[in-house]
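**Q** For reference, the chains in residue letters:
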Amino acid sequence: MLSESPWFNLPFSLPMQDQLSALLAQAAAELPAIASRPAFEAAKARYVGPHGGLTALMKQMGALPKEQKPLVGKLINETKTRLQSLLDATLARLAAAEIAAQLGPAVDPTLPSPDPAIGTRHPLTLVRNELASILRKAGFIIADGPEVETEYYCFDALNTPADHPARDAQDTFYLPADVRFGNVAKKSPGERYLLRTHTSSVQIRTMLQGPPPLRIIAPGRVYRRDTVDATHSANFHQIEGLYVDKNVTVRDLKALLDYIFASLLGADTKVRFRPHYFGYTEPSFEVDLSAQHLPKVNKEWVEICGCGMVDPLVFSGVGYDPEVWSGYAFGIGLERLAMMLYGIDDIRYFYQNDLRFLRQFA
Amino acid sequence: MKISLNWLQSYVDLSGLAAAEIARAITFLGFEVEGIHASGAPVLAHVVVGEVLTRDKHPNADKLSVCTVSLGSVLGVKTIVCGAQNYQVGDRVPVALPGAVLPGNFVIRQSTIRGQSSDGMMCSAKELGLSEDAAGLHLLTDRPAPGAPINSVLPPGDTVFDLEITPNRPDCLGHLGVARELAAWFKKDLTYPAVHFVPEHASPTPRPDLLRSLRVDAPADCLLYTATVITGVKVAPSPDWLRQRLTAVGLRPINNVVDVGNYVMLEYNQPVHAFDARQLAGQAIIVRHATEGEKITTLDKIARTLTAHTLVIADAERPVVIAGLMGGLDSGVSAGTTDLVLEVAHFRRQSVRATSKRLALASDSSYRYERGVDLHSLDEAMHRCIDLLLATTGGTVAGPTLRVGGDVPWQREITITPAYINERLGFALPAAEMQAALERLELTTVRTDPTPDRGPAWTFAIPSWRDDLDRPIDLVEEVLRLHGSDQIPAAQIIAPALLADDAPIVAFNRCVTDALVGQGFNECITYTLRPEKEISQWATPSESPASTGFDKSKIATEASRPTSDNPKSKITGASEALALANPFLADQSHLRPTLIAGLLETLHLNQTRGGASARLFETGRIFLAHDGQTWECAAAAFLICDSERDRTWLRRAPADFYSTKRLVETLATAAGIDLVRQAVTPTTAPSHGWQAGHAATVGELQHRGWLAQFGLVDLALVQSLGLEGKIHAGLFAILPEKLAASATRRRHADFSLLPAALRDLALVVDAATPAADVQKTLAKLSRAATGNAFALESVSVFDVYSGKGLPEGKKSLGFTLVFRAPDRTLTDDEVNAALAKIQTAITADGTISIRA
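From first to last, the protein sequence lines are chains L and V. Start counting the first sequence at 22; every next residue gets the next number (this note's numbering). Start counting the second sequence at -8; every next residue gets the next number (this note's numbering).
A couple of the hints might just be wrong.
[Said to hold, decoys possible] Within a straight-line C-alpha distance of at most 25 Å, the following computed SDA-like cross-link-like pairs (lysine to any residue) qualify: (1) V:K179 to V:E12; (2) L:K291 to V:K652; (3) V:K729 to L:K267; (4) L:K291 to V:I484; (5) V:K652 to V:H595; (6) L:K267 to V:D444; (7) L:K158 to V:A481.
It is worth saying that the hints were derived from the structure and are not from the lab.
Construct all of the structure, not just a fragment, from the sequences and the given hints.
**A** Next comes the structure, spelled out in structure tokens:
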């Protein structure tokens, strides 16, 4: 390296020049072996520090003949620059080595992360959220009510007569007469507590809370005293809808259900109403779907929900004037809908929570 | 409810309509068709009527006969080998000739049976596909001409619809009711059964020797009772047509008297009952309530004990029928009966229902009374029944029908305008179509009044069998039914904004779910109803305030929350407070007091199926018993099982108590509660599912309205459940009404940009002393030491140490104190002076020392 410099090919030689060359050669030999910052600092002091070799040579300048001074001064500066660049390179090498030591070997990016994967929402939650989002666009907000209900909210207010079979202890879970609930109020002291058999009780609670107009959905858990099998479960989930306003018509109800199922299942879904009977709606309908593109739907029409126009008696019961207000209500079984949407053929899967099941719906 | 198409055809002409078309009509009339079944004789070629001329024993077989059978003048006489025993010479029977193919692809050939040639086969009802009766030949008792094709003498095949009749339409529990609906749908005429009997036809001579008196002692439960004496009855099998109709709808024919009763019930939806008149003690019928403990053995041969609420039909001595439900075993019609008393009555539905429930006894009759029978069609049904009894038994009516009740006439009218109907429907139908539809359902227009702007106001008389039609809205449904509810036109949704928001509990659940899903938890849904043993494992016992670390000063400010001054309930333990009155399954008998038991069950299922580790959560209602009351709470819970059994190339540190603490804080935040600021109570004794020394609670239900439990699940419990590994969990529960409170808007607090002064301080305390207590003391003393000069910004634990260098039973807590002034850089001197004061103060009482 030194021999390549034009400076060392001068036609003459000077003692100073030899010393400078020796200093440089020594640095070039020593610095690459330095492996730590303290060693580097010590070396740096030996070459360019106040007591270092270069400083000592510079002090000899004064003793030189005047005519040599410019040339030697130039040589010293040249040497200083060279030394600095050797030192810089050494420092850079040390810093790089330090970073390399911090990093360790390169990662194998193809190995999987050992951390828990993102969690999953239950398929019933997904379907509920989807319905809620569809209905929110039509202005429905989510209302809530207790799962432990009284006979008034679950039956009486919904126009279910006292001797109706649905109220039988054979079909409905009751709580013992002497159990008292701190935060579920009875309408009258003689009522029994029960586990709600439908989310329609939320209709009553919502209407009693305030005046119309209102537009709610009430998703929630309901209970029937039923044998558990592939399509029945001791508790299951419904989503209830209620719309109360002036001049609400059967056609409005049909339009809403058309919209819900087209949003959920695609525009080629057909919806039809069949007359049916519910105590709290008049007229009442069962709703059938025709969506043959879905898995597990091999019948032409599949029953999916019940609905109807709110019976005037229900309105009178909650203090709404049935001459002024009209409305509709509907109830959809969430499990049934989820089974259809996802092609699940056993309701018990929803309650077993096998992770291989849950993770399919992330 | 099974409905026979042939039977319907008696009232309405449905010929030319395919079964599918009729089923569709029934569907849109509002009755679900659960099944369609073909029954009756199929088309059978080469099967004709034959008359048995001779019958001789088969020479080579004991059980076979060799018969000659006349098949009429064209086909002549054939020889047939036959194994049946139920026929005699002279009987006419179906004969299948070679070439016939019977149901089941049974081909008839010329054959030789044990050496005797046979020209065909005489057939049973089963072989012809008529019924399941294979006991003997199907005797043609109407004696059709020999040689006639069998299809010309058998009734045509039938189609039976299995219908679900909704509770509002008991009239359609009879064929006549369904026929009326179909006549209206297809715009055809309805022909009522021709009733020939009129009371004047009865023999004028009463027979007091058979029935002397009728008395109704319970008129509230028996609204109408009629008793008709029919004498000279011959009990015998019913004619074929009657047997076929009953068989078609699934009833087994018994004899002419019983069959006629069933027939009229299935025609008019009016139950009837016949007694053997000679079995009535005292020739009296008394409709009364049973005396307590009175006994009757019903037709099903079960001895039943009655109560004072049971309505019975009694003779002078004893009950003979449980009214509307079932007759007694010894008063019924038997083969030797010659004189009948026919009961056609109307019992109050609630009475029949209550008795049916009490006795756990139901019948076709009670089913109809419970749903509703038309009192005002009773006479018509009775006359029809008498007609059929006279025709099939050869009896005569003796004397006038005895009758008590039924005095209230039926009258109901509804006035409605086409404008009202159109407004409710949301689309316009022609007025004429509406009126015609209602009239086809036998609502008659009794009056039409003009209105200024709403079209004609029609007043319709409602027929007595349509008790469900009571208000104008009910007629809207009738119009729509007959128009076709699949014809509702599409429309746009009109949805004006209501400026309302979701219930707070929805936001809570959503927030919790988002947070936990983001942290790798899988959402589960488990059953609310749990076994009793779980309640003792998990139900939080009624806490006393002292044990929960709750702040007594809160009582006064939250007086509105119900406290223990409620009247005492008998309910004391959680197990009673959460029990169902009528559980269905033994292991689903109680309301859940926690979500964690369900998550453990889920974990168990997953561990059994292979995966040891899991992160699970659920949101849902739980039920907490407290001080004699039960509270329904919104809750969220999670469970972490980091198992070493699951192999991974890089193992992370497993979750621990402090993982659950942070997660529970996250859940509480979703409810607007800052858990960090709340007192934590360590779980020190084994209780309700948590491991003592490794779990804690914050908050409590009664005064705060919320509570959190978290930490390690009781290890012994975990092992007893067959689960592997340490399981950490957390639960946050809150009264839903607590969620409703809206959060106050936060105010911004300014912060200093000047540098802070940090000082570390290591304190030696008893190992059992909670860090939070020391921290609280330190913070208080530090504030006192700095006074107003500058501020203590924070005190935080950076080190916890025990062991070498410390006395036994002691631990060292290292705290970092951060001091700052809003307006200047603090000097070392002033901070050190404050620190010296703090050190002096904190060691003053001797329980805390400075670690050297």
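**Q** Indicate, hint by hint, whether the structure satisfies it.
**A** The hints, checked one at a time:
no.: 1; hint: V:K179 to V:E12; verdict: holds (15 Å)
no.: 2; hint: L:K291 to V:K652; verdict: violated (51 Å)
no.: 3; hint: V:K729 to L:K267; verdict: violated (34 Å)
no.: 4; hint: L:K291 to V:I484; verdict: holds (17 Å)
no.: 5; hint: V:K652 to V:H595; verdict: holds (24 Å)
no.: 6; hint: L:K267 to V:D444; verdict: holds (20 Å)
no.: 7; hint: L:K158 to V:A481; verdict: holds (18 Å)
Hint check: violations occur at hints 2, 3; the rest are consistent with the structure.
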